[in-house]
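Peer 1: Sequence lines, in order, name chains A and B.
Add 691 to the 1-based position in the first sequence for my numbering, that's all there is to it.
Add 691 to the 1-based position in the second sequence for my numbering, that's all there is to it.
There's no promise every hint is true.
Cβ-to-Cβ under 7 Å is the rule here; a few derived chain B residues that face chain A [unchecked claim]:
1) Glu700
2) Ala710
3) Ser912
4) Phe914
5) Met919
6) His963
7) Asn1045
8) Gln1046
Straight line, CA to CA, 25 Å or less: simulated SDA-like cross-link-like pairs of lysine to any residue [as the list claims (entries may be wrong)]:
9) B:Lys904 with A:Leu705
10) A:Lys895 with B:Leu715
11) B:Lys908 with A:Tyr718
12) A:Lys890 with B:Gln722
13) B:Lys902 with A:Arg719
14) A:Lys908 with B:Lys902
15) A:Lys904 with B:Gly830
16) B:Lys904 with A:Gln722
17) A:Lys904 with B:Gln722
18) B:Lys902 with A:Leu715
19) B:Lys904 with A:Ser723
20) A:Lys890 with A:Leu1063
21) B:Lys908 with A:Trp1075
22) A:Lys908 with B:Lys904
23) B:Lys895 with A:Phe701
24) B:Lys958 with A:Leu1072
25) B:Lys950 with A:Gln722
26) A:Lys958 with B:Tyr718
27) A:Lys908 with B:Val887
28) A:Lys902 with B:Lys904
29) A:Lys908 with B:Gly830
30) A:Lys908 with B:Val1071
31) B:Lys908 with A:Leu1063
32) B:Lys904 with A:Leu1072
33) B:Lys877 with A:Lys798
34) B:Lys908 with A:Lys908
35) B:Lys904 with A:Lys904
36) A:Lys831 with B:Val862
37) B:Lys877 with A:Trp1075
38) A:Lys902 with B:Ala712
39) B:Lys902 with A:Ala712
No lab work stands behind these hints, which were simulated from the structure alone.
Ideal Cβ placement from N, Cα and C applies to all residues, glycine included.
Protein chains: 2
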Amino acid sequence: MHAILTSTEFQMSLLMFVALAGYLIAYRINQSAVVGIILAGIVVGPSVLRLVTYTGFVQTLAQMGAVVLLFTIGLEFSFNDILKPRYFVIALIGIIIPALGGYLLAKVFGYDFKASIFIGTALTATSIAITANVLKEMGKLQTNVAKAIIGAAVIDDVLALLALSISEGIVSGDISAGPILLTILKAVGFVVLGIVIGKLLLQKLLLWMDKTKIVAKYPESLFIFAIMIAFFYAMVADYAGLSAIVGGFLAGMAFDGVKLSRGNVFKEGAEHLQIIFAAVFFVSLGVIMDLHTITLNVIWFVLALSAVAMLTKIIGCGIPARFQHMSMKDSFTVGLGMVPRGEVAMIIALIGLNQGIINQATYAAIILMSLLTTIIPPLVLRNWVFKKT
Amino acid sequence: MHAILTSTEFQMSLLMFVALAGYLIAYRINQSAVVGIILAGIVVGPSVLRLVTYTGFVQTLAQMGAVVLLFTIGLEFSFNDILKPRYFVIALIGIIIPALGGYLLAKVFGYDFKASIFIGTALTATSIAITANVLKEMGKLQTNVAKAIIGAAVIDDVLALLALSISEGIVSGDISAGPILLTILKAVGFVVLGIVIGKLLLQKLLLWMDKTKIVAKYPESLFIFAIMIAFFYAMVADYAGLSAIVGGFLAGMAFDGVKLSRGNVFKEGAEHLQIIFAAVFFVSLGVIMDLHTITLNVIWFVLALSAVAMLTKIIGCGIPARFQHMSMKDSFTVGLGMVPRGEVAMIIALIGLNQGIINQATYAAIILMSLLTTIIPPLVLRNWVFKKT
Chain A
692 MHAILTSTEF QMSLLMFVAL AGYLIAYRIN QSAVVGIILA GIVVGPSVLR LVTYTGFVQT
752 LAQMGAVVLL FTIGLEFSFN DILKPRYFVI ALIGIIIPAL GGYLLAKVFG YDFKASIFIG
812 TALTATSIAI TANVLKEMGK LQTNVAKAII GAAVIDDVLA LLALSISEGI VSGDISAGPI
872 LLTILKAVGF VVLGIVIGKL LLQKLLLWMD KTKIVAKYPE SLFIFAIMIA FFYAMVADYA
932 GLSAIVGGFL AGMAFDGVKL SRGNVFKEGA EHLQIIFAAV FFVSLGVIMD LHTITLNVIW
992 FVLALSAVAM LTKIIGCGIP ARFQHMSMKD SFTVGLGMVP RGEVAMIIAL IGLNQGIINQ
1052 ATYAAIILMS LLTTIIPPLV LRNWVFKKT
Chain B
692 MHAILTSTEF QMSLLMFVAL AGYLIAYRIN QSAVVGIILA GIVVGPSVLR LVTYTGFVQT
752 LAQMGAVVLL FTIGLEFSFN DILKPRYFVI ALIGIIIPAL GGYLLAKVFG YDFKASIFIG
812 TALTATSIAI TANVLKEMGK LQTNVAKAII GAAVIDDVLA LLALSISEGI VSGDISAGPI
872 LLTILKAVGF VVLGIVIGKL LLQKLLLWMD KTKIVAKYPE SLFIFAIMIA FFYAMVADYA
932 GLSAIVGGFL AGMAFDGVKL SRGNVFKEGA EHLQIIFAAV FFVSLGVIMD LHTITLNVIW
992 FVLALSAVAM LTKIIGCGIP ARFQHMSMKD SFTVGLGMVP RGEVAMIIAL IGLNQGIINQ
1052 ATYAAIILMS LLTTIIPPLV LRNWVFKKT
């Protein structure tokens, strides 16, 4: 019986069952599916039922899921979406202020230097997936506010992962300018090269492939090609010191807007792949957390961290938006829209946990902060900002 | 650098690259993609370049790929396709004669009892995927001959996997009637229960889910449900002593013909999932084979085995077809259409190899037989049977 319970088939079936339960929870509490699936993961994980553990199988699929998820999101954006200076300013200030706020709060709560740096870093990244999804659910994707949120969130993601690289450099003791500069050069170099190769080579390659007789005979080969590039970019991003998911995201953007004769066969494909894999990824985020590690002191820290996470994004993104002649309400909405930390903060926390920089309790605190910042803005947006009068 | 080369991202990217190379090979030699991808797997595997090894990662994804592949194929068939007595007779005799032929040939070549049983078993199963694909490529799917081939191939698959269960029983030393009867009961019990539950419960559950507000809000949950069922069936099939893929196939058939309000969202999804995973599966079939283990004696055995594999299917399926009042040419076509062994023989060979019943050389011989029987019939069908006069 033990062989059955550890079999690939059983684990896969169970993960899908948990994901389904997550959809049910999400529906009941009227939240995005991401939140429900993570909650379901918490319930079946070591925190409550102890049914699912973070095995190598779960880890591998989750890792693939994160890459495919960011690839799929990347497909929604062009490089031009990222390269707007206005959004860059919103994203940049919206990263610096939360990073400082998180660092200072951690110091106040008595965390050491390395952990404080990581907690600050975990506050930097907005989740594109969650923000975009909330706006989409509300039918507000084509408003100027939404474009500012998504544009800034995209840049925010790259900046936050650069911030992560720098934090990792600082934490690993290479605080001298040389190694950090190298880290930045490698990361920026990868991003620039990735964009240039994507724009000049990959899109043309795809268009050329699309006209070949091979693709006419086997249209699915374009999809396989896209997934190959997604994981290749992820691998190189990893090598360049960035998170692998940035690679997946850049690969997705490289393929944005390509007009193929048979429609974007790989876009639909990637979305279907993402449904299954991202579900495993979100379940894994819940499973890897052990709520038993949370003590009373951490609960106060979670609440304080979540408050700082929300206020610093609202201020850090809202003020530059206001300076760009947006109305008070729109500026607040941009800030609020940037609040959800979602899976990106969780990935950063996971890296910190795996490297031993933060402990289980701090990891759980960041995940809870991520959950709270993900749950609260949609409530405010739904009941106040976009409320029909 | 070593960490990069063993990373999930690198392995996944490489596997997709090999699959793409496989499509190129398939196109150049004018064969089905399956053949090309396996050949590409042989080239990058230990036989030639030694670039890809059969790691746990490859094995896990390949295993999932086989389940998803058979689930997708199952979606094309209803239980009624299987339950035609005429096709049952073609399938049954088309299994007994190749099994006997393979067993006797192996004995002649000096193989021991267990290996001979397994070699006979490996000759039993027709690949639905390859047969159906060849007929589809030729636009002949809606002919009576094609329906007989596919119907019989479906039953053949289940019978061959029952034969595998029995062979495994015999080989493991349980030659007494009791355990074999239990094996048969468990296998048939699973198939019958799987069909009954599929027909009475799953289809209704799916139709009910389709009308819920949860699915209206999250249509992707139906796809997750389908994949959950596919792997659950695969797990139970495994537990019942059958191959996991039979479970995937039955699960697919359970969902056949369900009319959902949003179209068969899970069908497209499963096909996309199958493109990536089945590619890994086919690559793995090439990678696990080491052609260095083939000696001169085995080459003769491969040729003899392939000849027996082809003749016994043509005779074993062609004669019952002729008795069912098909013309000589149609009967021959039915027999020829049942010749491709494809992935099913490879899975049986893999089980034999993993259990130590057959050695690397015999494994490679069965894979080569499978390749030859897969490559030759399409050539004959294309240049002779369906040739325009």
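Peer 1: Next step is simple, just say for each hint if it's right about the structure.
Peer 2: Against the structure, the hints come out as follows:
The interface hint given for B:Glu700 holds, since its Cβ lies 4 Å from the closest Cβ of chain A, which is under the 7 Å cut-off. A cut of 7 Å between beta carbons decides the hint on B:Ala710: the least distance to chain A is about 5 Å, and the hint holds. For the restraint placing B:Ser912 at the interface with chain A, the shortest Cβ-Cβ distance is roughly 4 Å, inside the 7 Å limit, so the hint holds. Here the hint on B:Phe914 is kept, as its CB sits about 6 Å from the closest CB of chain A, short of 7 Å.
Against a cut-off of 7 Å between C-beta atoms, the interface hint on B:Met919 holds, since the closest Cβ of chain A lies about 3 Å away. Because the smallest distance between the Cβ of B:His963 and any Cβ of chain A comes to about 4 Å, under 7 Å, the interface hint for this residue holds. Among the interface hints, the one on B:Asn1045 is violated; its C-beta lies about 13 Å from the nearest C-beta in chain A, farther than the 7 Å criterion. The beta carbon of B:Gln1046 is not positioned within 7 Å of any beta carbon in chain A (closest approach about 14 Å), and the interface hint is therefore violated.
The straight-line distance between the Cα atoms of B:Lys904 and A:Leu705 is roughly 23 Å, inside the 25 Å bound, and the hint therefore holds. Between A:Lys895 and B:Leu715 the CA atoms are separated by roughly 19 Å; this keeps the pair inside 25 Å, and the hint holds. Simply put, B:Lys908 and A:Tyr718 have alpha-carbon atoms about 8 Å apart, close enough for the 25 Å limit, and the pair holds. Proximity of A:Lys890 to B:Gln722 is assessed by CA-CA distance (about 34 Å); at most 25 Å being required, the pair is judged violated.
For the given pair, B:Lys902 sits about 16 Å from A:Arg719 by alpha-carbon distance, which is consistent with the 25 Å threshold. Using a Cα cut-off of 25 Å, the hinted pair A:Lys908 and B:Lys902 is violated, with the two alpha carbons roughly 38 Å apart. Restraint check for A:Lys904 and B:Gly830: the C-alpha separation of about 19 Å stays at or below 25 Å, so the hint holds. With a C-alpha separation of about 14 Å, the suggested pair B:Lys904 and A:Gln722 falls inside the 25 Å cut-off, and the hint holds.
For the proposed pair A:Lys904 and B:Gln722, the alpha carbon gap of about 14 Å is at most 25 Å, so the pair holds. Straight-line distance between C-alpha atoms of B:Lys902 and A:Leu715 comes to about 14 Å, which keeps the hinted pair within the 25 Å bound. A hinted pair counts as satisfied when its Cα atoms are at most 25 Å apart, and B:Lys904 with A:Ser723 qualifies at roughly 14 Å. With a C-alpha separation of about 38 Å, the suggested pair A:Lys890 and A:Leu1063 falls outside the 25 Å cut-off, and the hint is violated.
Straight-line distance between C-alpha atoms of B:Lys908 and A:Trp1075 comes to about 22 Å, which keeps the hinted pair within the 25 Å bound. Restraint check for A:Lys908 and B:Lys904: the C-alpha separation of about 40 Å exceeds 25 Å, so the hint is violated. Restraint check for B:Lys895 and A:Phe701: the C-alpha separation of about 24 Å stays at or below 25 Å, so the hint holds. Between B:Lys958 and A:Leu1072 the alpha-carbon distance is near 35 Å, which puts this suggested pair outside the 25 Å criterion.
Distance check on the hinted pair: B:Lys950 and A:Gln722 sit about 29 Å apart at the alpha-carbon level, beyond 25 Å; violated. With a C-alpha separation of about 24 Å, the suggested pair A:Lys958 and B:Tyr718 falls inside the 25 Å cut-off, and the hint holds. For the given pair, A:Lys908 sits about 39 Å from B:Val887 by alpha-carbon distance, which is inconsistent with the 25 Å threshold. At roughly 43 Å between alpha-carbon atoms, A:Lys902 and B:Lys904 are farther apart than 25 Å, so this suggested pair is violated.
Restraint check: the Cα-Cα separation between A:Lys908 and B:Gly830 comes to about 14 Å, which is no more than 25 Å; the hinted pair holds. Taken as a hint, the A:Lys908 and B:Val1071 pair is honoured in the structure, with Cα atoms around 20 Å apart against an allowance of 25 Å. Note on B:Lys908 and A:Leu1063: the hinted pairing holds, with a Cα-Cα distance of about 22 Å set against a maximum of 25 Å. Proposed proximity of B:Lys904 and A:Leu1072 is supported: the alpha carbons are some 22 Å apart, at most 25 Å.
Restraint check for B:Lys877 and A:Lys798: the C-alpha separation of about 63 Å exceeds 25 Å, so the hint is violated. Annotation: proposed proximity of B:Lys908 to A:Lys908 is violated, straight-line Cα distance about 36 Å (limit 25 Å). At most 25 Å may separate the alpha-carbon atoms for a hinted pair to count; B:Lys904 and A:Lys904 exceed this at roughly 44 Å. Between A:Lys831 and B:Val862, the direct Cα distance comes to roughly 65 Å. Violation of the 25 Å bound is thereby established for this hinted pair.
For the proposed pair B:Lys877 and A:Trp1075, the alpha carbon gap of about 59 Å is over 25 Å, so the pair is violated. Using a Cα cut-off of 25 Å, the hinted pair A:Lys902 and B:Ala712 holds, with the two alpha carbons roughly 17 Å apart. The suggested pairing of B:Lys902 with A:Ala712 holds, with an alpha-carbon distance near 17 Å, which does not exceed 25 Å.
Comparing the model with each earlier hint shows violations of hints 7, 8, 12, 14, 20, 22, 24, 25, 27, 28, 33, 34, 35, 36 and 37; every other hint is respected.
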